[in-house]
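K.L.:
Take these sequences, add in the hints, and give me the full structure.
Spelled out from the first residue to the last, the chains are:
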Amino acid sequence: MLTDLYVFGDSPLHRTRPVVKITALVVFCSTLFIVEGWASVLVAGALVVTGFAVAGLKPRHAFVSVRPALWILAAIFAVQAYLTDVVFAGFVVARFVVLILAAALVTLTTRTSEFVDGILSALTYAPAWVPKEQIALAISLCLRFIPLVRAVLEDVRQAQSARGLDRNLTALLVPLVVRTLKTADEVSQAVYSRSFD
Amino acid sequence: METRNVVFIALFAAIVAALAVFPPITLPLVGVPITAQSLGVMLAGGVLGAVRGGLAVVLFLVLVAIGLPLLAGGRGGFGVFLGPSGGFLVGWIVAAYAIGYMTERLWHRLNYLVAAGICFAGGVVLLYAIGVPWSAFVAEIPIGTALAGSLPFIPGDIIKCLIAAGVMVIVKRSYPIITPKSPAMPQTGM
Amino acid sequence: MIEFADVSVEKNGVPILKDITVRLSERRIGVIGRNGSGKSTFARLFNGIEAPSAGTVTLNGVTERKALRRHVGFVFQNPDNQIVYPIVSEDLAFGLKNLKLPRDETQARIDEVLARFDLAHLRDRFTHQLSGGEKQMVALAGVLVMRPTMIVLDEPTTLLDLWNKRKFMAAIDALDEPVVVVSHDLDLLGHFDRVLHIEDGSIAGDGRPGPVLARYVAGSQC
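Chains as they are written, first to last, in my numbering: chain A, 8 to 204; chain B, 6 to 195; chain C, 158 to 379.
In case anyone wonders, no lab produced these hints; they're calculated from the structure. Idealized CB from N, CA, C, for every residue including glycine. One should not assume that every hint holds.
A few chain C residues that don't get close to chain A, going by computed Cβ distances all over 10 Å [stated by the list, open to error]:
hint, residue
1, Arg184
2, Ile206
3, Thr215
4, Asp237
5, Gly252
6, Gly290
7, Thr306
8, Leu316
9, Arg351
Label-pair ranges, simulated between beta-carbon atoms [as the list claims (entries may be wrong)]:
hint, chain 1, residue 1, chain 2, residue 2, range
10, A, Leu172, B, Thr184, 25 to 33 Å
11, C, Arg280, A, Val137, 29 to 37 Å
12, B, Ile159, A, Ala169, 32 to 40 Å
13, B, Gly79, C, Ala375, 54 to 62 Å
P.N.:
Shown next, in the form of structure tokens:
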């Protein structure tokens, strides 16, 4: 399928059920906003560092998780330092880092397939008005078709580059969208044929 | 919901994911990368309509949240929603829905300019109306400052509106999916 | 036996099939016709993907559309549009799950169909990583695992190379179930029991493959 961000391991964190980890993450993040201050950020930071150590994750994993937000965090630090003071700027940025790392801890220790299974098994307890089978089908179909749509995009890109249009987004998107929509008709026929309602 | 609609939702979520392969251009200092992916979000609404477009974006974001690196630059996981620009991702759902809603209403009058206007209203005005206050709240900065920090992205977003509008109008002619909400143009002889 | 009685199909006011009446009880039936002749729509009537605008399709007494699809398996031209799950075993389980079969029965049937076509090594593979030939075999297995009474294949070998085409058709020939193959490829149909030639939405030829195919080829020369 698609590679997920999971880092292989066998720690207690890896073994915890996804639903427990997500609940913990929600509580953790909410608490950080409700109990505002350096004290809570420091405690939370210590927890996250412990979590990384327990899960056997490296500082490299932490850095990779925070890296996409680095520029914007630097900008926020500068703005806060200018508007308020350096200590508060440090606090806001530190809180972001702790939040992102806490989330990374969940992401890095849980396989995508565990989440999918978790979602599907949660759906069996969902009330009758929830279209469970259709949600399950949508998730599977999307995972199935991402590699295929990527291949179509590559295909279209090559076709358009032969005409010198490979940097023209309209010339790429129209065939990509139309081809995918046409595929959808036959895919729904196939799904119907196999007794899905 | 009809199976065909489920398939449309899943395949459009796959399109949004596949568009991540266009390398993002990240402007220094502001950080929100300019990606072809938000084009996919506009198209989800503009091609599939409000409900299917919105659900396609929901599905895409669920897959991102559960750890697939489907955002441009290979980002994914819960962390992307907790960063300063998380509001823009959540805002995508509303943007796709709103663009779809307006497209359905204006279907019989949809031309390039109308489509561009719809994309601007949903994909820029509304999206920023969600993303900017969200950043202001989580970064504890004044809204005006957050808005000023987002301004450098507006030109890129306007370009995306123009591209998305062109695609919407062509797809409307060649392979329309939306069933319009507005009354059809009066036709003679019917 | 499947019976078409005065079946017509119209789409957006355009007639696609006109008053088709035919009874089919042979084990191997071929359908030929030019692009746009209506043969794909004809094929899709067998299992209810398409509904007749007028007339009825009856398979062993069954006429209801959703019951038809339960009895008639359908293999599409492009397996990429037919395989809906990321992993082979999941895809094979899809139809059985829709039939609400118990889990152990599902597993037993998957094992059986994989063994039957020598595909056991593909069981846990990602479907998008399979070769074209493997994908078409998995698509066929996904249909057979549901134990249909009859199987309809719409141009199943168009995307296959010669080698895979032979392998696939050998698998089809070995099936006990009645088979209907829609194809441009006349080689496939030479040894069939009966061939229908569809032209402009009507049956233009019907009978043993020899004469029907000969007339079809002759018609294409002008």
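K.L.:
All hints, please: hold or fail.
P.N.:
Hints and how they fare:
With a least beta-carbon separation of about 21 Å from chain A, Arg184/C lies farther than 10 Å from that chain, consistent with its non-interface assignment. The beta carbon of Ile206/C is not kept farther than 10 Å from every beta carbon of chain A, the shortest such distance being approximately 5 Å. Once the 10 Å rule is applied to beta carbons, Thr215/C is consistent with being away from chain A; the minimum gap is 19 Å. Asp237/C, annotated as away from the interface, has a beta carbon of chain A within 10 Å; the closest lies near 6 Å.
Against chain A, the non-interface label of Gly252/C is violated: not every CB pair exceeds 10 Å, the least being about 4 Å. Interface exclusion of Gly290/C from chain A stands, the closest Cβ pair being 17 Å apart, more than 10 Å. Consistency note on Thr306/C: stated as away from chain A, and its beta-carbon is indeed over 10 Å from all of that chain's, at 14 Å minimum. Look at Leu316/C: its CB is around 13 Å from the nearest CB on chain A, clear of 10 Å, so calling it non-interface holds up.
The beta carbon of Arg351/C is kept farther than 10 Å from every beta carbon of chain A, the shortest such distance being approximately 24 Å. Distance hint check: the CB atoms of Leu172/A and Thr184/B are about 32 Å apart, consistent with the given range 25 to 33 Å. Distance hint check: the CB atoms of Arg280/C and Val137/A are about 31 Å apart, consistent with the given range 29 to 37 Å. Separated by about 34 Å at the C-beta atoms, Ile159/B and Ala169/A satisfy the suggested range of 32 to 40 Å.
Under the hint 54 to 62 Å, the C-beta atoms of Gly79/B and Ala375/C, about 59 Å apart, fit the expected range.
When held up to the earlier numbered hints, the structure conflicts with 2, 4 and 5 and fits the remainder.
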